[in-house]
Amino acid sequence: MKPPVLTIESGKKPRLATAALCGCFGCHMSLLDIDERILKLVDMVEFDRTPLTDIKTVGECEIGLIEGGVANTENVEVLRDFRRHCKILVAVGACAVNGGVPAMRNQFDVQDCLEEVYLNGIGVVDPQIPDDPEIPLLLDKVHPIHEVVHIDYFLPGCPPSADTLWTFLNELIEGKEISFPYSLIHYD
Amino acid sequence: MSATVTFLLDGKAIPFQDGDTVMDAALRAGEYIPHLCHNPEFTPHGSCRVCIVEVNGRHYSACTLPAAENMNVDNSSEAIMAKRRSLLQMLFVEGNHICPACEKSGACQLQAVAYYTRMLSPHFPHFFPRRSIDATHPDIIFYHNRCILCGLCERASRDVDGKNVFTISGRGMNSRVIFNSDSGKLGDSELSISDRAASICPVGAILPKSKGYQVPIGQRLYDTRPISLVGDSNIRRNDKT
Ligand code: SF4
Ligand code: SF4
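Residue numbers (numbering that gives the first Met the number 0), protein chains in the order written: chain A, 0 to 187; chain B, 0 to 240.
Same shape as in the complex, but just chain B:
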């Protein structure tokens, strides 16, 4: 057996295996690196940039950075947290995130990561883009307003469900998730409520119908404990409370 190789995450030695990213090794060691588009079930996407870390004066996304021996990774300095806050603020202002009117509130990863980084304001001017809602599916509703284009629904539908229901289309501010059906409507796609893609969304963009506000305020996933302790909202959770 070869000796354990490690890198340093905020000064702490993290063991890693061949092929690990910094995120893989950190998650396995129980260390939290904030993230939104990453989910260990799927190939890294590197699009939300919230897992930004600093190594040797350069910035990387931890979910795509291969771990290397003796690397010294800054994951929690105030400078890194400030960068994460700015990235989150940009995600907030480019969508329409009215948390008090969102069924995902309290169990939303975007919100929880923002709490974790102590984001108190959106800082930037809001775009207030006009985006639609697709309510054509009998069991699922899709809010483009809240989509952060993390690509998890696309990966889950393709890689787990084998259906290719979702993909991201367009560029820049006009990027949006589109649905694979002749009419372009979600209700005419093959999506089923039991699909992995139906429960993968880290925010309130893909939601089951008739389930909103079932968990009382105070008992929701992130009401009392931060995401660094609770974990992601979209991991397969059998025993987690």
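Next up, chain A with everything else stripped away, as it sits in the complex:
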């Protein structure tokens, strides 16, 4: 299936939302790594919910970028919310694409992970597993986001380089087919 092409009403800027689920924020840092091109990006798009604007709820958007995999109940909620509001949803980075480093915990039971971190780990003081109702529950496994909602584009890399993100956003906004040179495709 061919991924959708972005259509934008003339004279309107596409709205862009971003979210970090279970990732390390490296993909967002990589976006900032486009350096002064960020000024062009500000001209190209209207920012919606993103850690860069600190807007907390997602509105109707053309593009949603998701960093990180799905590790807890809040991640599921945010991801579904983005899918409902974004015409084009993009998996950005290794964790969104295949679970990444956090998915290494899938080798263990959640209970064992919690006990190792909060009860038996080296240097733990006042051992207790946090159970405040405000804290989202962990899922039994960390999942890539395409296992939860439909994803239109995937940008692998840990993180995808600034050039990968820049190339992608430009080609998408210009309505071009996305194509990366060899050097921009990597999984690490």
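It cannot be assumed that every hint is accurate.
Taking lysine-lysine and the DSBU-like style, the derived pairs with C-alpha atoms no more than 35 angstroms apart in a straight line are [what the hints assert, rightly or not]: (1) B:K184 with A:K140; (2) A:K55 with A:K175; (3) A:K140 with B:K208; (4) A:K175 with A:K86; (5) B:K82 with A:K140.
Residues on chain A that point at chain B, a partial pick, calculated with CB under 10 angstroms [unchecked claim]: (6) A93; (7) V96; (8) G99; (9) A102; (10) F107; (11) N119; (12) L137; (13) V141; (14) P143; (15) H145; (16) E146; (17) F153; (18) G156; (19) S178; (20) F179; (21) D187.
Counterexamples of contact, computed for chain B against chain A with all Cβ distances above 10 angstroms [what the hints assert, rightly or not]: (22) S46; (23) A134; (24) S180.
Derived by calculation from the structure, the hints in this document are not laboratory data.
Treat the numbers as computed from the prediction; the structure is a model and nothing was measured.
Glycine residues also receive a C-beta, built at the ideal position from the N, C-alpha and C atoms.
Using the hints, position chain B with the ligands against chain A.
This is chain B with the ligands only, laid out in the frame that chain A set:
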């Protein structure tokens, strides 16, 4: 001397000799057919299927298909590349391939072939199988998570080293490489770091200890040039850069 016989690979005439497979002849002619379980030093295995080609509307693995005169082989249409991507995606989701945390990354053939076919996502749901690591050998570590069951370690240990350290046991999802020692541990086997089997693995399943991340990012085998130009990671390489 008999006249040269040829077949067509993507329209290009490839000379071949009696007994050649399509893969043998293509490799000799310097043409790249993506592959993982194949290594010209060893008898073909035909298990990874990544060298899938189309001849006369039928699909074959190039490493086991005998070359025949005037055969017309499709090795690079988008349809063939899409099939290869699907095969690779299945290999990725049935193991645990966390490339950012793998010492083989950048010099891994599975990754490099995936780059070559422009695989951007694993597409399928992940199995996240629980698999162990054997770190009992003083010089070598074995990650079942990353093993693609290509059988190269088994062939190398048996045919070159004469040791039979490895074999594949079990069926389907439960297949795994086992080690020939009383305890079943790699450290108690006869494997030595200088064995061919210790350097044959195309992925990050069999790795030398204390060597991880020695080559900086940007200078690794497949960082700047694709596997079709660089060649395999597990060929005996004296002069190749
Ligand atoms: S073996 Fe290759 S594909 Fe698997 S995690 Fe390591 S680098 Fe990635
Ligand atoms: S350990 Fe490596 S060489 Fe052996 S079967 Fe697995 S992938 Fe192949």
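Run the structure past the numbered hints and jot down the numbers of the failing ones, going up. 11 and 12
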